[in-house]
Amino acid sequence: MLLLLLILMPVLGSIVAALMPANARNREAWLAGGIAFTGLLITASLYPQINPGDLDAGGVVRYQLDWMPHYGLNFVLRMDGLAWMFSMLILGIGVLVVIYARYYMSPKDPVPRFFSFLLAFMASMLGVVLSGNLIQLVVFWELTSLTSFLLIGYWHHRADARRGARMAFTVTATGGLCLLVGVLMLGHIVGSYSLDVVLASGDIIRAHPWYLPTLVLVALGALTKSAQFPFHFWLPHAMAAPTPVSAFLHSATMVKAGIFLLMRLWPSLSGTPEWTWIIGGAGLCTLLIGAFTAIFQHDLKGLLAYSTISHLGLITLLLGIGTPLAMVAAIFHTLNHATFKASLFMSAGIIDHESGTRDMRKLRGLYKVLPYTATLAIVASAAMAGVPLLNGFLSKEMFFAEALAVGSARNWSMSAAAVLMGIFSVAYSLRFIYVFFGPLATDLPRQPHEPPRWMRFPVELLVLGCLVVGVIPGLSVGPFLNTAVISVLGEQTPYYSLSVWHGFNLPLLMSALALVGGVLFYIWLRTRYGLIQSSRVPFLHRFNGKQAYESTMLRISSIAAVLEKLLSTRRIQPQLLLMIVLLLVVPLLIVRPVSLLTFSSGGEFSPLFAGLWVIGAICALAAAWQAKYHRLAALSLVGGVGIVVSITFLWLSAPDLALTQLMVETVTTVLILLGLRWLPARKTPKELNIRATRLSWLRRSRDMVVAIIAGLCMTIVSYAVLVRSAPMGGISEFFMARALTEGGGSNVVNVLLVDFRNFDTLGEVAVLAIVALTVYALLRRFRPAPESVPIPAQQTNSVDPAAGQTPTQQVERGYLMVPSVYLRLLLPIMVVIAAYFFIRGHNLPGGGFVAGLTFAVAIIVQYMLAGTSWVESHLRLQPHRWIAFGIITACATGLGAWWFGHPFLTTHTAHITLPVLGEIHLPSAFIFDLGVFGVVVGSTILILVALAHQSVRSHRLPISNATIPTVGKEAN
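Number 126 in numbering that gives the first Met the number 0 belongs to position 127 of the sequence shown; there are no gaps in the numbering.
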C-alpha cells in the first residue's frame, strides 16, 4: 500500500496545487515539498525490505491490484534495489528543486501551474521506475513525455519554449510508440507482460527470431528519451524551460528514464553482439559529440545540456559493454551525475537570476560578488571533470577500467575514446569555472549578489554529497549501490571496490592524462583558437540535428498536404461518396456478407410491420429531399424515422432499446431544433437565378443511386441481424444465464451495461461528458450570422396578439400561461417517472441512461416554455457539477472494488433489511448507474444551456444590415 501511496500523493497534490490561488507561493511550495519529502521518508523506510542479506533473499516489495487478470494486465508496483535508488533520486532531488523553485520563480509567474506540472511529472517518473507490468510502464512512460512537454513549455509566451517543448514531445513520444510495440513483442515472446517473468526469460528472448526487432524498438524508446545519438538534438532546446525544471528533468528524472529502462531490461536483452553494437555504438557517439560540442557553447545551460548528453552517453556505453563491472560503473555514475549536475544547473540558475544573463562571453569575475555560489559551482564542476576526492572521479575511473578491459593489447580505440572524452570534459568544466575569475563584468543587466540563503541550500547539500561520496564512498553510498547492483545482476554480481586509492595503474594514468590534457586543450582554445569569439562548433556544425528535425517535419507536412489534395476535399459530398463506396466494396472483398445474412424462417409475414418500415423509408427519403432548403420539415421527418425504429425495437421484444431510442430521439430533436434557429436561411437556385447544369444532374443522380443502394444494404443487414436466431452457445446465452446469479438483476440489457461491460460504459459516459464540454466551449464563442439574429417573420405578425408580448409576458398572462402552469406542475411528476425508471432498471426496462434522458426532457420543456431567465432564476442546475458527480461516482465504484481486493469495477450485491420495506438487495452497479444518470443529465443540460444562452447573448450583439424588431427581445 505504501508503493501506491508514493504515486497517489503527487497526483492528488498536483490537482490541489492547480486549484490554489496564484498568489499562494509559500503554500504551494510547502505542499509540493511536503509531498516529495513524505515520499522520500516512505521510500527510505522501505530500504530494510529491499536490502537482501544474501543473493537468494529476494528483496522485492510488491503491490498488485487486479485489473484484467485473464490477460495478464494488472496494476503492479514493484520496488527492488534499482527502483529504490531511482525513487530516492526522484524524490530527494525533487525536494531540493521545490525549495530552489520557491525563490527562483518570479511572483508574476503562474506558480500553481508550475508546481502542479512538477508533481504530475514526479508521479509519472515514479510510475515508470515502480511499474511491475510492461504495459503499465509504457503508460507512465508516455505520461512523462506529456508532463515534461508542459514543464518545458511552461513559459508558453516565449517562442523558444513552445518550440523546445514540441520538439522534445515529438521525439520522446515517437520513441514511446516504438517502445510500446517492442513491449508488445516482448510480451508475445515470453507469454506475459509481468516484469518478473520477462526478467527471468532472458535466454528465451535472445533465442527468439523476434529478438533483433524487439531490441531495436526498445532501444529507440530508451535512446530517444535519454537524448542519445542521433536523437540528442532535442535536449539543448529544452533549456528554454525554467532552471528548476532543467535541474529536475536533466539530472535525475526524464533523461534518466531511458537509462533506467536499459538497466531494467539488461538481464533480458543484453549479452549479444546486437546489444553491444546498438547500445554501445549510440553511447560512444553521444559521449564524444556531446563533450566536444559542450566546449563551444556560450550559454551556461547550453554547456550543461551538452555535458549531460555526454555523460548519458558514458552511462549508455557502459551498459552497451555488457559486463557486470560495467553495469556497476553505470549505476554508480548515474548517482554521481545526478548529484553534481543538479547542483550545476541550480548554480547556473542563480547566476542567471542574479546577473540577468547566462552568456559566458559577458560573465566574468563573479567570484567577487558571488563567493559562496562560486565555490560551490567550482567544486561541482571539478566533480564533473573527474578531479580526485570527488564522486565523479571514482565512477569515471571505473569507466576507464572497463574501456581498457574491452580492448586488447592491439586495440586501444575504446581507451583512446575514453581519454578523449575525459579531456573534453575537463575543458568544458574549465569553461564553466572561468566565469568566476577575471575582472568583474560591468555591462551585466543586473548587479549580481548572493541569492537568498535557502535558494543556495540545495546546491550546498548536493555539493556536500559530491565531497562525502568522493572521500568515503564505501561508507556513504556503498550499501545502497550494492543493493541496486544485486537487484540487476543477481548471482552475476562481481567483486568491486569503492576505495579511493587503488595504487598506480592504467586507469589512474588515464585520469591524469585526461586532467592534464584537458587543461592544456582549454588553454590552447582560449589563447590560439579564439574560443570566446567562435560562433559555431568545429567540424560538427554541418550536422545540425535541429535542422534535420524541422526539415523532416516540413517534409511530412508537405506530403500530407499533397495526399490531402489528391485524396480529400473540403466538400462533404465527395467525402461521403468515398466513405459509402468503401463501406459497400470492402466487406465484399474481405468476406462474403451475403452468406452471413441468414433470415429466420419461423416467423410469418406481417403487413403491419412491413407498412411500418415503408413509412420509415418514406420519412427517410423525404427528409433527404427536404434537408437542404426546409430544415424544420427534414428534422420532423427524421424524428419520424426515429419513432419507426423505436416501434421496431418494441415489435421485436426489445423494450429497453425502444425506450432508449425514443428518449434519445426526443432530446436530440429538440436540441437540433434549437440549434437550427441560428443557421441562416438557404436560398433556392430559383431565388438566386441559377440553373443546374447537366453535369450537376448526373452527379446528383449518381449520388442518389449510391445512397439508395447503401440504404437498402443497411436495411437488409439491420433486418437480418434483428430477426436472426441466436446460435447455440452464443454470447446471449452466457449473459442470460448469469445476469441474475452473477449480476443481481433480471434485466439482461441493464446488467450487461452496468456490470459485465461496465468498463465500456464508463468510457462511453466519459466520451459523452467530453463531447458536452466541447460543444459548450464552442457555443460560448459562437456568434451567429447577422441575418439569423432577428426574430423570424412568422413571429412578427401584427395581427397576432402574441406578437406584441415578450416571452415572459406570454408565459405570465398570454397564450402560454395555461401550458406553462401545466408543465410546471408536470415537472415533479416527470422527476418521479425518472426516479421510477432508474430504480427499476436492474430488473425491468429502464436504468440510469433512460432516467437521465427523462429528467433532461423535463428540464428542456421548462426552458422551451418559461424561457432561460425564468428557469435559471428558479432552478440551480449547475450541469458541470452533474457531470463531475457522475464521473466521480462511476469511477468510485471501480475504485471501491479495488479497495476490497477485487478487479476494477467488480460488482457486489448487498442485502439490507429495513424495518418497513423488508429485505432490499442493493448492488454496487446501482451506484455506477447513478453515475451514468448524472453524466447524462449534466451533458444534456449543458448543451441545452449553451444553446439557450446563445439567445441571451445574440440580442446584445451589434447587428449591421439587419433590423431587430422591438418585439420579443427578451431571451426565450
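Simulated from the structure, these hints should not be mistaken for laboratory data. We treat Cβ as the ideally placed atom computed from N, Cα and C, and that holds for glycine. A hint or two may mislead.
[As the list claims (entries may be wrong)] Derived Cβ-Cβ restraints for the label pairs, each shown as a range:
{"no.": "1", "residue 1": "V180", "residue 2": "L825", "range": "51 to 61 Å"}
{"no.": "2", "residue 1": "L587", "residue 2": "H948", "range": "41 to 51 Å"}
{"no.": "3", "residue 1": "V180", "residue 2": "A623", "range": "15 to 25 Å"}
{"no.": "4", "residue 1": "F781", "residue 2": "Q532", "range": "51 to 61 Å"}
{"no.": "5", "residue 1": "P451", "residue 2": "A23", "range": "41 to 51 Å"}
{"no.": "6", "residue 1": "S872", "residue 2": "L587", "range": "36 to 46 Å"}
{"no.": "7", "residue 1": "L678", "residue 2": "R737", "range": "47 to 57 Å"}
{"no.": "8", "residue 1": "L40", "residue 2": "Q532", "range": "44 to 54 Å"}
{"no.": "9", "residue 1": "A623", "residue 2": "L825", "range": "47 to 57 Å"}
[Stated by the list, open to error] The calculated lysine to aspartate or glutamate pairs, modelled on EDC-like cross-linking and capped at a C-alpha distance of 20 Å, are:
{"no.": "10", "residue 1": "K367", "residue 2": "D442"}
{"no.": "11", "residue 1": "K367", "residue 2": "E353"}
{"no.": "12", "residue 1": "K367", "residue 2": "E459"}
{"no.": "13", "residue 1": "K545", "residue 2": "D702"}
{"no.": "14", "residue 1": "K361", "residue 2": "E459"}
{"no.": "15", "residue 1": "K361", "residue 2": "D442"}
{"no.": "16", "residue 1": "K107", "residue 2": "E459"}
{"no.": "17", "residue 1": "K627", "residue 2": "E686"}
{"no.": "18", "residue 1": "K367", "residue 2": "E273"}
{"no.": "19", "residue 1": "K564", "residue 2": "E490"}
{"no.": "20", "residue 1": "K627", "residue 2": "D702"}
{"no.": "21", "residue 1": "K545", "residue 2": "D159"}
Verification of the hints:
Restraint check, V180 to L825: a C-beta distance of roughly 57 Å satisfies the suggested window 51 to 61 Å. Between L587 and H948 the CB atoms are about 49 Å apart, so this pair conforms to the stated range of 41 to 51 Å. At about 44 Å, the CB distance of V180 to A623 disagrees with the hint of 15 to 25 Å. In this structure the hint that F781 and Q532 lie 51 to 61 Å apart at CB holds, the actual value being about 57 Å.
The beta-carbon spacing between P451 and A23, approximately 19 Å, falls outside the hinted interval of 41 to 51 Å. Range check, S872 to L587: Cβ separation about 59 Å, and the 36 to 46 Å hint is violated. For the pair L678 and R737, the beta carbons lie near 49 Å from each other, so the given range of 47 to 57 Å is met. Checked against the hint of 44 to 54 Å, the C-beta distance between L40 and Q532 comes to roughly 51 Å, which is consistent with it.
Separation of A623 from L825 is about 35 Å and departs from the stated range, judged on CB atoms against 47 to 57 Å. Straight-line distance between C-alpha atoms of K367 and D442 comes to about 15 Å, which keeps the hinted pair within the 20 Å bound. Proposed proximity of K367 and E353 is supported: the alpha carbons are some 13 Å apart, at most 20 Å. Annotation: proposed proximity of K367 to E459 holds, straight-line Cα distance about 19 Å (limit 20 Å).
Taken as a hint, the K545 and D702 pair is broken in the structure, with Cα atoms around 48 Å apart against an allowance of 20 Å. Restraint check: the Cα-Cα separation between K361 and E459 comes to about 26 Å, which exceeds 20 Å; the hinted pair is violated. At most 20 Å may separate the alpha-carbon atoms for a hinted pair to count; K361 and D442 meet this at roughly 8 Å. For the suggested pair K107 and E459, the alpha carbons sit about 27 Å apart, so the restraint of at most 20 Å is broken.
Annotation: proposed proximity of K627 to E686 holds, straight-line Cα distance about 14 Å (limit 20 Å). Straight-line distance between C-alpha atoms of K367 and E273 comes to about 53 Å, which puts the hinted pair past the 20 Å bound. A hinted pair counts as satisfied when its Cα atoms are at most 20 Å apart, and K564 with E490 does not qualify at roughly 61 Å. Distance restraint check for K627 and D702: the Cα-Cα separation of roughly 15 Å lies within the 20 Å cut-off, and the hinted pair is therefore satisfied.
Pair hint K545 plus D159 holds up; C-alpha atoms about 13 Å apart against a cutoff of 20 Å.
Violated hints for the displayed structure, listed by number in ascending order: 3, 5, 6, 9, 13, 14, 16, 18 and 19.
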